[in-house]
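Undergrad: Taken in sequence, the protein lines are chains A and B. Each residue of the first sequence is one higher than the one before, starting from 1 at the first, in this note's numbering. Each residue of the second sequence is one higher than the one before, starting from 384 at the first, in this note's numbering.
Each statement offered as a hint is correct.
Quick look at which bits of chain A chain B covers, simulated, 3 or more residues with Cβ under 8 Å:
no., region
1, 199-206
2, 228-239
3, 250-260
4, 290-300
Between beta-carbon pairs, the in silico distance windows are:
no., chain 1, residue 1, chain 2, residue 2, range
5, A, 188, B, 471, 45 to 53 Å
6, B, 662, A, 36, 41 to 49 Å
7, A, 52, B, 722, 52 to 60 Å
8, A, 122, B, 672, 55 to 63 Å
9, A, 48, B, 687, 47 to 55 Å
Here chain A is said to cover these stretches of chain B; the calculated rule only asks that three of the stretch's residues, wherever they fall, bring their Cβ under 8 Å from a Cβ of chain A:
no., region
10, 605-612
11, 637-651
12, 658-665
Source of the hints: derived by calculation from the structure; they are not laboratory data. If you're wondering where the values come from, they're calculated on a predicted model, not measured in any experiment. For every residue, glycine included, the Cβ atom is placed at its ideal position computed from N, Cα and C.
Residues per chain are reported as follows:
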Amino acid sequence: MTEPIINGVPAASSLPGGAPVSDASAAPAVNADAEQVGEPAVVESVAAAQGPLALEAVGLGKDFKLGRGQVLHAARNVSFGLYRGAVVALVGESGSGKSTVAKLLAGQERPTHGSVRLEGKPVDVGSSHRFRQYKRQVQYVFQDPFSSLNPTHTVGYHLTRPVKLHQPEVKDVKPEVIDLLELVRLTPADQYVGKFPYELSGGQRQRVSFARALAAKPTVLLADEPVSMLDVSIRLEMLALLNDLRTRLSLALLYITHDIASARYFADEVLVMYGGQIVERGPAEDITQRPAHPYTQLLIASAPDPDDLGSVLKSANVGAGGGAARAGNVGPAATGCPFSNRCPLAIDKCKQENPALQLLTPNRAAACWRLDVAAPSLTGSAV
Amino acid sequence: MSPILEISDLSVVYRTQGGDVHAVEHVSLELNPGEVVGLCGESGSGKSTLAYGATRLLRTPALVTSGSVKYGGRRLTAGGDPVDLMAMTHHELLAVRWREIAIVFQSAMNALNPVLRVQDQLLDAIHAHLKMPRREAREKAAELFDLVGIPRNRLRSYPHELSGGMRQRVMIAMALATDPEVVIMDEPTTALDVVVQRDILAQIVELKERLGFAILFITHDLSLLLELADRIAVMYAGRLMETGASKDLIRDPAHPYTRGLLNSFPSIRGPRRELAGIPGTTPDLRDPAPGCPFVPRCTFAVPACSEVDMTLEPWGNAAQRGRTQLPLSAHLTACPIVTPEVSQEGVLS
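Extracted from the complex, chain B is given alone in its bound form (with noise of 0.2 Å):
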């Protein structure tokens, strides 16, 4: 199966007065057809640019400086080879955003003009997309409230009328109006209550079962992911740390990075466990010290940390080392330093 989005070697500057914040550096990251991929990282890690990047809808000061991103969609490359976003003219990419690859926006609570109802913002994407009757439209719009669970009568309400979880599912209906075949969904339950919160990530896998659509869901909350993901990238410091099923990588997180996150959250069923959480800060992406970026607030840090390459090579699985050809869910981090056998010693951890 070949990816529908192949985002290779991605780099992304934000020019500023006090000089370039490199907020992605070198990404590679592939979404299959039908997956969900979660991309997760802190604030500042560069999880949004790299997604906005990848879909074209930065602008300066943001500049992509290298890297390709294919989309291999049926319905645009008619089976074809996939297109290159990045060599896409603006009309060309008219064609791709929101009919091919639509976003769920960060803080969805307030993506909504709240001047407008619900209804005729619907419309509004419905119309720009899609070449159909106004009466049709409007149907779709329904249909598209039926879909996320909101009651029709509900249509006609301004965004203020509505609960928040409410406004979550308009935009989930939203960038489903165009039939996508991939979501990038930017936070989409981060305001939002533990209870609302699963409920709506319910309904998401639920859609995605149904209508068979790729998920890129980007999150600081790792413990969500865990449970939704299929296959899950952390971002540190606009860098990929490590990526691998959900499965393997809570169970046997390589990197020491996502070892922290993991450590990170209290757990609410099960013998209360030592938290210890990840100390210091994040580091300035304007003069980034060569080597791994997580060294100043890692445990594990030993001075050839500094000259690590920061590229992906598999975990654990020595047949895998050296292979060109890895299958996709293969568990890779970039941490060179410590290995299975560094942490079954147990002197480090």
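Chain A extracted, bound-state conformation (with noise of 0.2 Å):
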């Protein structure tokens, strides 16, 4: 029987005892207090070629309480930058914390640690008023277009309400609320404009969210897995249509998702997260070609592969231990790396130190003590 290897690591499913997968999702560590080992490095983002900083986060973290003296690592030392014209994807699992960052970065969430920037000045979204001004420039499409649309309310409604909200100086709403709906590619606008969500498909549905945030000519699109409640067939096409609204319009994108192959076709630069933090990031191909951090190696081998036909699921090892030995694995360790407990490369220090981003190329990093051995081509140690 072959096994999958990815850069010389055997892949999750040729682990003794079955796949290290554990059942629950990666909740952020509780109590983990191991503070990152080392000062996390800088890297050149190659979203940076696109265009000027829009958005930063500056080592931003989120703990929540949760009584009886237990904390909750939400995020924790998140840094980077979404630049004008860019994509930049924030890859992980359900409740790896991407969402967390970006409500951070939305201003939903005062952030515990860190700060967020915007062009360069720290964001204050301390009274209403502020906080109305920033949502001008930082838009956030939310993932279930089925909820996130009022179904007593028409269409044109959904839009006029941003338009007035955000552009007081437009006297005549109306024109502007058709080229919304041209822009997201919905035409005949008129026809749209009196449609009430139920008459919407689920795509449609989505565009006239996608026509609602640009109605405050945002610089800055926040899409929280925009994608993913919608047909495999349609998906494409709004991809397509996010990456020709960043181009023409200028938008810097945050593209939120679990599907680390869309990343790779829509985005320039991946940052993949894993337990409150950012274990790699890189150029979005670089990165799901030749993935350094062990997760992001599992992520790309639990990635349904229709050029490899059965090969990993069909293997007999496969869930061959039972879940039980995967259950008890549950979720981000509590000290140290928070993969060390699903990793199969962990070593002691792993599980007593966390390691902070290290630069493997100028423009890549990522944070894992064993990239010796979890990708030797990068870390040049293979020569």
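Combine the two chains into a complex, taking the hints into account.
TA: Here's what the structure looks like:
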């Protein structure tokens, strides 16, 4: 039986006792007091080539108090930039902290550590007036087009409101709404104005969501799993639309997804999150073809692949250990590297010390103590 | 080998004020013992309606207007002729449901009762369909948890205390509680992320190997089926467009719709391919145009498409054309316009 090997690391499925894949999602570590060891590397983002810096996360962290002295680190030491005209993908499984980061960037949550900077200036959303001003520039698109539109209001209403709110100088709102609908290719636009959400397909609803976000004429769009509720056949069209919008409007786009394959096609830079931390980042094509971090390698091994028929799933090893062994292996480790309790390469050091991002190439970094084993070709230790 | 479930010429309409919605039209599909058949289609293509129609789980305004569903499980028929589910009384159906054909429902995340412990929900299913003393039933519930890989101490959990993957496993355990011959899985992994999804699929394959049930796996994600299913049926606008062994379907897709689907999902390995997707939206099933429903979105469309009668004919293999007895794994397509010769000429592709 041949096992898929990625960069010399046995894929997750070949581990004794079945896949190490834990059943529960990677809920951020509770009481994980292991601060990262070392200064996180400064990475030259490939996204910067597209345009000027718009929104920046600087050492962003969010703790939630759980009571009885327990603290949940939903995000820790997250730093990256969103650049005009560029797509940055934030990839990770449910509970890895990607939506928390998006909410921090959107101003919906206040960071416990670090700060958010818009065009270089620290963001203050303290008052509702300032929050509204911030919203004008930074807009959010929700995952579920079936629940994010009000079923009792028309498409026109959904778009008129943000135009009035964010562009008070516009006297005649109607043409503005028509323009928005045409922008997201809901044409003929005047036919859509009077429609209710239930009259639209999932893809059309998501287009309305995009249009609503664009009504504020933002510079930054935070898209939280914008296509994962849609049919596979129309996802591509949606991503193509987003791609077109970011070029035409020079938007800085954050694309949050658990589908790393779509990030490969759509994003300039990919950030992989696990347990509230960025564990790897780099140019999209590079990171998906030569993943360095063991977690990125697991993510890629888990993606269904039409070009590789049945190899992983049908291998007898997968799941043979039953889930009981796996289920004990839940979520991130409490100390050390958050991935250490699921990682096939973990050594004692991994369980005690939490690694910071280390530079691999000028635009790539990974947070792992075992990069020499996980990605020998990138660290140069293979030579 | 005779099929365990044989759906023939099934049609389902939804009666609405705006007219009949033809959700499933003249669909025939077979499932063999121990086989995994993938049923794939977009939302609104009728894939769930087909499954629920075939198991008589639909209620008004849905109406089965034609067809038969023959079930040939040995336990029920005692080696005799298959029974027609469509002709059964309500009382007779009770013996089939769950005991013979079990369903893992869509969005298992919400299919569990939030105010009951999962153990009690499992026991409900066991008591309703098997005669079993309580203590034995409780032991059975624990064994089912072992089977799907959930620690026994989670039996007394409420659904909200379990992760999405675990809830999905509970749903699978419930479906397997009565040792059914056929398990229908309706989008069982859709709400889960990739790592958990792969884990659950691997578990499903393993359980199938061990227990020998047949699976009808419904999904909108063709890429999952390529690895999981023995055979795949592609559905669009209430019609079957193409059926065939998974290998044939991916290496040599016949129908333009299947080609579109295969060209829709980004691949993580290998060189970057040009992805096309399928522009346009699904047709209105209230007033279907004559001929092939895919015409408005099809790049191969010609005027003759509106006269296509949508019967499945063998693809490629000329020796099979016109034969009445086809091998079950035959690669069939509903599109008579696009033939291997046409694709080879490269004029249209």
